[in-house]
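These are the residues of each chain, in order.
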Amino acid sequence: MATVEMNGTSFEVDEDGFLLDYKSFTNDWVEYVRQQEGIDELNDEHWKVVNVLQDYYEKNGIAPMVRVLSKLTKYKLKHIYELFPSGPGKGACKMAGLPKPTGCV
Amino acid sequence: MTESKAVKDTAIDDQGIIKGIEQLSPEKIERVINQVLKSETGARLKTYVDTCVHCGLCSDGCHYFLAHDRDPKYSPAAKVKQTLWEIIRKKGKVTPEFIENAAVVAYTQCNLCKRCAMYCPFGLDIAYVMSVMRRICHKLGVVPLYIQDTAHSHSVTKNQMWIKDDEWVDTLMWQEEEAQDEVENLRIPLDKEGADVFYSVIGPEPKFRAQLIYQAAVIMNAAGENWTMPSMPGWDNSDMCMYTGDYEMMERLKKAHFEAAANLKVKKIVMGECGHAFRSVYDMGNRALGWKMPPLEVIHAIEYYNDLFVKEKIKIKKKFDRPVTLHDPCNIVRGRGLHEMSRNIVNATCKNFIEMTPNREHNYCCVAGGGVINCGPPFKNARVDSGKIKAEQLFAAKAKGAEVVIAPCHNCHGGLEDIIHHYGIDMELKFFGDIIYEILELPE
Chain S
1 MATVEMNGTS
11 FEVDEDGFLL
21 DYKSFTNDWV
31 EYVRQQEGID
41 ELNDEHWKVV
51 NVLQDYYEKN
61 GIAPMVRVLS
71 KLTKYKLKHI
81 YELFPSGPGK
91 GACKMAGLPK
101 PTGCV
Chain Z
1 MTESKAVKDT
11 AIDDQGIIKG
21 IEQLSPEKIE
31 RVINQVLKSE
41 TGARLKTYVD
51 TCVHCGLCSD
61 GCHYFLAHDR
71 DPKYSPAAKV
81 KQTLWEIIRK
91 KGKVTPEFIE
101 NAAVVAYTQC
111 NLCKRCAMYC
121 PFGLDIAYVM
131 SVMRRICHKL
141 GVVPLYIQDT
151 AHSHSVTKNQ
161 MWIKDDEWVD
171 TLMWQEEEAQ
181 DEVENLRIPL
191 DKEGADVFYS
201 VIGPEPKFRA
211 QLIYQAAVIM
221 NAAGENWTMP
231 SMPGWDNSDM
241 CMYTGDYEMM
251 ERLKKAHFEA
261 AANLKVKKIV
271 MGECGHAFRS
281 VYDMGNRALG
291 WKMPPLEVIH
301 AIEYYNDLFV
311 KEKIKIKKKF
321 DRPVTLHDPC
331 NIVRGRGLHE
341 MSRNIVNATC
351 KNFIEMTPNR
361 EHNYCCVAGG
371 GVINCGPPFK
381 NARVDSGKIK
391 AEQLFAAKAK
401 GAEVVIAPCH
411 NCHGGLEDII
421 HHYGIDMELK
431 FFGDIIYEIL
441 ELPE
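Sequence lines, in order, name chains S and Z.
Under UniProt numbering, the first residue of the first sequence is numbered 1, with each subsequent residue one higher.
Under UniProt numbering, the first residue of the second sequence is numbered 1, with each subsequent residue one higher.
Hints should not be assumed to be uniformly reliable.
These stretches of chain Z come out as covered by chain S in the derived footprint (C-beta under 8 Å, 3 or more residues) [to be verified]:
1. 288 to 297
2. 371 to 384
Straight line, CA to CA, 16 Å or less: simulated EDC-like cross-link-like pairs of lysine to aspartate or glutamate [stated by the list, open to error]:
3. S:K78 to Z:E176
4. Z:K380 to S:E58
5. S:K76 to Z:E176
6. S:K78 to Z:D166
7. S:K76 to Z:D166
8. S:K78 to Z:E177
9. S:K71 to Z:E182
10. S:K78 to Z:E182
The calculated label-pair distances, taken between Cβ atoms and stated as ranges, are [claimed, not checked]:
11. Z:R44 to S:D28: 39 to 45 Å
12. Z:Y423 to S:E37: 48 to 54 Å
13. Z:K311 to S:D44: 45 to 51 Å
I should point out that these hints are in silico values taken from the structure, not numbers from a laboratory.
In this text, a Cβ means the ideal position worked out from N, Cα and C, and glycines have one as well.
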């Protein structure tokens, strides 16, 4: 467990850098992950992915498959990886404040 | 939260272990241990434990030992001392605190990579001893939370990532459609009876890395392969239950996998680039089910790709021109001897190949294997710290010019990615499938 800071707000994270408590998500967290992930600028498409992930997670308690993410955003797989170079599991889920997915990831 | 010793000493905060320990009593521990020792381990464990002369030659075989400045606590023999030796000596009369430390050792300080077995004068298999410890922990309900969640998913869905049956099929059809933009009329044939090849993958491919299925489809298509993928459970060849010690579930999973292929009357199973899944199908799962060798022909992607080049079933546009190095995964190299075949593929596809040292069966582990990465964030820092020796090995390959690391195993990818990031090595990771797809000449 560790604490990170962005714009004066502290966040508790696990050792993989995922938010420990989903409820502590704020826009400052998004900004923190953006810098960590080396994404130059966030656009509406990044936000759409984040919103879809959060909506799905709040309903299902788990991250959606990338297929579901693609269906709900209308983005192709390649485009999702262009938006989040570390991928939907490690990059996008982290930005959306979801816990680290379990499994071989 | 319990202020227990192992947790405090190693600053580990894992609810699976902590809550599990809270449920234990000395009587339960003794009963479960003796049940396992009496009915499951037999002569094998006894031989290993009785034969060891405590010479310590295994120590230098272990990357944990080397990465921690030769701290004796990380020697493979010391890990046996912290687990089964004591348990056998005390006939199962050990405390919950002992089990707690033993669980941390067995699940997170050994990748079951079997490198040490090669340095033991008697060839004792310490990975087996650690697996017995995990088996005991599983039966006691003391398993790290993240890997137990994965085992639960296996139990419910027969895949490791909570994927529902319709989502699996939908993902295959989706990747078929996306691939058709590149290759007209490409198909991912579902449930094709009598196909030559039954292609199986691990859960993370459909869950997040569907491009790997796309690439495999493009390669199969270019090779003119008569292939299929199953629409029903049995498609996931992975097996974290094998690593938690839940051997009953491991058997069910392997049975589902073999049956999915047998029902379709296919000629052989080709598995994607995963190491632990191969161990489960070719060594542990099949044998637990009573088959010394798999009941159907099963080959790893490396054997399949090598065959494509040997038989000239695919052509390449030009060789991959960035300098590459190759990481030999434990389960398919020490476990199956695919090291020379891997090099055949590298030579057929890459212009400039730089060996990392040591290599082949002597290669250092990625520190992710054996389910260690699956134990998740509570053990991430300890894991990358233990990757120091691997980092040095990668830095040395980079100093000779290597820019890309080929690792034909998912767990190795996860572990190496973390090591590369943590130590700032700045190398790119690829599967063989990535390279072949990139340079493949698509048929007219």
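Please name the hints from earlier in the document that this structure breaks, with their numbers sorted from lowest to highest. 1, 4, 6, 7, 9, 11 and 12
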